[in-house]
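So the sequence lines, in the order shown, correspond to chains A and B.
Residues in the first sequence are numbered from 246 upward in steps of one, following my numbering.
Residues in the second sequence are numbered from 130 upward in steps of one, following my numbering.
One should not assume that every hint holds.
As a list, the in silico EDC-like pairs of lysine to aspartate or glutamate whose alpha-carbon atoms are at most 16 Å apart [claimed, not checked]:
1) K658/A / D580/A
2) K157/B / D143/B
3) K474/B / E334/A
4) K271/A / E426/A
5) K451/B / E315/B
6) K461/B / E334/A
7) K618/A / D596/A
8) K290/A / D367/A
9) K461/B / D341/A
10) K474/B / D445/B
11) K358/B / E319/B
12) K269/B / D341/A
13) K250/B / D580/A
14) K368/B / E319/B
15) K269/B / E409/A
16) K290/A / D457/A
17) K443/A / E409/A
18) K269/B / D414/B
19) K618/A / E315/B
20) K594/A / E420/A
21) K443/A / D558/A
Negatives, chain B to chain A, calculated, CB over 10 Å [to be verified]:
22) Q204
23) D464
24) L493
The hints are simulated quantities; they were obtained by calculation from the structure and are not laboratory data.
Glycine is no exception: its CB is placed at the ideal position from the N, C-alpha and C atoms.
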Amino acid sequence: MQEIFLFLLAGVRKKILRFKKHRKMKDILTVYYLEAKSARVGGRKVAWITSGGPVEPLIAMNIIPVYPENHGAMIGASKMGAGLCELSESMGYSSDLCSYARSDIACATVNGGPIGGLPRPDMLVCCNNICGTVLKWYEVQARYFNAPLFIFDTPFCHTGFGEEVRRYVRRQLDEYVSFLEKTCDRKMDGGRLAGVGKLSLEAQRLWQAVLDTTVNRPAPMCAFDAFFHLALIVTLRGTQEAVDYYRRLLERMNDRVARGVGAVADEKYRLLWDNIPVWHRTRWLSEKFASHSACLVADTYTSAWCGSMKYIDENNFFDSMAEAYTRIYLNIGVDEMARTVLAMIDKYKVDGMVMHSNRSCKPYSLGQYDIAKIVERERGIPSLIIEADMVDERSFSESQVSTRIDAFMEMIKASR
Amino acid sequence: MTGRGEHPMTGLNDIYEILKDPAAYGRKLKGEGRRGIVGYFCSYTPEEIIYAAGAHPFRLFGSDDTIHLADAHFQSYCCSLVRGALEGALAGRLDFLDGVVFPHTCDSIQRLSDIWRMNVKGPFHLDVVLPVKLGGESSKTYMTDVLQRFRAELQARLGAEIGLEALRAAIGTFNRIRGYLSRLYEIKSEDPGLISGSDLHAIVKASMIMDRDRLLETLPRIVTELSDKKGQRKEPAGKRLVMAGGVCNHPDVYRFIEEAGGVVVGDDLCTGSRYFDGIVELNDDPIRAIADRYMTRSLCPAKHAGLFTRSDRIVDVVREKKALGVVFILLKFCDPHAFDYPYLKEALDRQGIPSLLLEVEDRLPSEGQLQTRFETFIEML
Chain A
246 MQEIFLFLLA GVRKKILRFK KHRKMKDILT VYYLEAKSAR VGGRKVAWIT SGGPVEPLIA
306 MNIIPVYPEN HGAMIGASKM GAGLCELSES MGYSSDLCSY ARSDIACATV NGGPIGGLPR
366 PDMLVCCNNI CGTVLKWYEV QARYFNAPLF IFDTPFCHTG FGEEVRRYVR RQLDEYVSFL
426 EKTCDRKMDG GRLAGVGKLS LEAQRLWQAV LDTTVNRPAP MCAFDAFFHL ALIVTLRGTQ
486 EAVDYYRRLL ERMNDRVARG VGAVADEKYR LLWDNIPVWH RTRWLSEKFA SHSACLVADT
546 YTSAWCGSMK YIDENNFFDS MAEAYTRIYL NIGVDEMART VLAMIDKYKV DGMVMHSNRS
606 CKPYSLGQYD IAKIVERERG IPSLIIEADM VDERSFSESQ VSTRIDAFME MIKASR
Chain B
130 MTGRGEHPMT GLNDIYEILK DPAAYGRKLK GEGRRGIVGY FCSYTPEEII YAAGAHPFRL
190 FGSDDTIHLA DAHFQSYCCS LVRGALEGAL AGRLDFLDGV VFPHTCDSIQ RLSDIWRMNV
250 KGPFHLDVVL PVKLGGESSK TYMTDVLQRF RAELQARLGA EIGLEALRAA IGTFNRIRGY
310 LSRLYEIKSE DPGLISGSDL HAIVKASMIM DRDRLLETLP RIVTELSDKK GQRKEPAGKR
370 LVMAGGVCNH PDVYRFIEEA GGVVVGDDLC TGSRYFDGIV ELNDDPIRAI ADRYMTRSLC
430 PAKHAGLFTR SDRIVDVVRE KKALGVVFIL LKFCDPHAFD YPYLKEALDR QGIPSLLLEV
490 EDRLPSEGQL QTRFETFIEM L
């Protein structure tokens, strides 16, 4: 298992600054997965939960949260996606379905993939604020593992957030706690949950502050670094560990800013990334853009884990979770997403946008053409759309993407 | 019968006329002074509320035309239903609509709603963000709340009061429609030779488009006519099949199946039995009554009501209809159905019920290829 984290951490990039303290992340994640895999020995329960799901009640109940989407990303990064996707196709799943879901569903049946499969779930918690796919995926896994499934239904906010939605989601928070209490046969400690909430909010603030350091020229880190450091805000949000990690990371970034050190040594162009990373090509993409002196200074993906902080009430975390978990980036209308993108363009002083048109993710990808048009119209900024898939490397043509990136960068250079 | 030439059965000529050009029919209805023509997607649209407002609910399907305009908004991995619907709107073919209703369904319809709202000017736009989870007190309450909101928004857009009496009357109308369509399905199952699969498909589809009062004159006549003929036809019907999937926009499929020696005697399609499954049980609150039906009617895979609800249902339909096999007709890029397919197939396999998977886009595979597949499958049953 060590190897895969080393792999994830590998960052030998010529023109790109390498992080020295990756060791820390590796240690935390290794301990986390070892703990999860031996949960039964420690008498703890394991819950599978979606990446946008409310994890804080699990942490407060001492349940180990495990993220199948994270697993999907690891499968993609270790280039094991195509094989597992093929296996799922032989199980009857269409090759057009989400590759996180396909590879995870296949992986469960063979205990394969980079970490030999995820630990068996005692329960599944599915929050559909990111997509409808997770509902189907979790149904499949709940049947496979014969484990109880809790669905946290966050109605889509096309144009707003109605009172009836607030009431519905708030009531489900109570149902969620009851579900956990019943599954674990013990009571939730309200005080502990409030404490976890505070830590969660603090980690989100720190994560946002880390991402904000890239407003500086040169940016001390790039989106590819953010894809890496993201792991803890997803998996360990609500723990002291995550807070400590991001506090240290922020100090390091601030130090780099003070010293004028950039992630891309000769940063000339600043780009915004949209959508989930192409996990099997992050390094290649990062080097490719760096070769054009371009730094991906911000992205819509990693900021999604702190994007709805404005709805969180520090002193009433539990109640405010209803709104915060419903109004996340992917659960809003395309026009509101475009407004968020415009704000990021202004904040990070971006010269161009790179959109990953991700076959696997319809809620993220359908609407990109409209967002690109709005960005062009409102800010005169060009967009590059890369056709790919986050995990399944069979949908990626390196030569084609390479040519398109070159052409896009020439255009940006010419417009200067 | 596929609509060419005079149809011997009462009302079928009109129905085929409407289906040949639904937009022309929509324009004609508009000219007759309706309060509004309200286009909608998905069988979870509360048609009763639209009808109670004095407006006309008009179901939108994908388009048969080549996609040009929608390509500027949707990637190629978006289903043809969504792309075709936007194409029709952008090309101005739906200019007769006064409003459009988007019930929350899948990720693609969800984005269709956004992109439509941002790019199609004219008709009013209402989202009905139904619960995805159909079960438990909170979702039951929310379902009612959402329908109440829809009622209020529709009243505002149409400038019409939607009163309790009008709602009760509308529920009565749609319950009668559901009753007749169910009856037609029973007749088809009892004596499959009486009406062709494509004719029955046309009737159900037209029921979502036609003036509902006219429809309620046509349907009983068709039922009576078929009931009178029962037992008269002696030719042996084909091997009994159930069709399952989402939207079936391909009436020719029924003909191919019949030519290959099969006959569809039941279905689980949203252009089929899912549309009319279950009646609204009137109580003191008509909106809650409509909500209650949605909580229990046969389930769309984009919603959740238990882990085995859909497999139990399909096995039940096969048993009830005494069918020998199932034809899955799945639209390419339709995620909810594609996710359910392996477990549904497995459930059927366990019961010894063979099934055939047909993945379709806006156009069917070639006739020769389809015939071979159907013949091989039906032969084996």
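Evaluation of the provided hints:
Taking the CA atoms of K658/A and D580/A, the gap is near 29 Å; set against the 16 Å cutoff, the hint is violated. With a C-alpha separation of about 13 Å, the suggested pairing of K157/B with D143/B holds against the 16 Å cut-off. About 14 Å separates the Cα atoms of K474/B and E334/A, which keeps this hinted pair within 16 Å; it holds. Taking the CA atoms of K271/A and E426/A, the gap is about 32 Å. The hint is violated against a cut of 16 Å.
Pair hint K451/B plus E315/B holds up; C-alpha atoms about 12 Å apart against a cutoff of 16 Å. Pair hint K461/B plus E334/A holds up; C-alpha atoms about 14 Å apart against a cutoff of 16 Å. Between K618/A and D596/A, the direct Cα distance comes to roughly 15 Å. Compliance with the 16 Å bound is thereby established for this hinted pair. Our distance criterion of 16 Å between C-alpha atoms is met by K290/A and D367/A, whose separation comes to about 6 Å.
Straight-line distance between C-alpha atoms of K461/B and D341/A comes to about 8 Å, which keeps the hinted pair within the 16 Å bound. Restraint check: the Cα-Cα separation between K474/B and D445/B comes to about 14 Å, which is no more than 16 Å; the hinted pair holds. For the hint linking K358/B to E319/B, the alpha-carbon distance of about 12 Å falls within 16 Å, and the restraint holds. At most 16 Å may separate the alpha-carbon atoms for a hinted pair to count; K269/B and D341/A exceed this at roughly 33 Å.
A hinted pair counts as satisfied when its Cα atoms are at most 16 Å apart, and K250/B with D580/A qualifies at roughly 15 Å. Distance hint between K368/B and E319/B is fulfilled; the C-alpha atoms sit about 13 Å from each other, no more than 16 Å. A threshold of 16 Å between alpha carbons decides the hint, and for K269/B with E409/A the separation of about 12 Å falls inside it, so the pair holds. Taking the CA atoms of K290/A and D457/A, the gap is near 36 Å; set against the 16 Å cutoff, the hint is violated.
Distance restraint check for K443/A and E409/A: the Cα-Cα separation of roughly 27 Å exceeds the 16 Å cut-off, and the hinted pair is therefore not satisfied. Under the criterion of a C-alpha separation no larger than 16 Å, the hint pairing K269/B with D414/B is consistent with the structure, at around 14 Å. Distance check on the hinted pair: K618/A and E315/B sit about 52 Å apart at the alpha-carbon level, beyond 16 Å; violated. Taking the CA atoms of K594/A and E420/A, the gap is near 44 Å; set against the 16 Å cutoff, the hint is violated.
The straight-line distance between the Cα atoms of K443/A and D558/A is roughly 10 Å, inside the 16 Å bound, and the hint therefore holds. Not every CB of chain A lies more than 10 Å from the CB of Q204/B, the least distance being 6 Å, so the non-interface label is violated. A beta-carbon of chain A is positioned within 10 Å of the beta-carbon of D464/B; the least distance is around 6 Å. The Cβ of L493/B lies farther than 10 Å from every Cβ of chain A, with a closest approach of about 18 Å, so its non-interface assignment holds.
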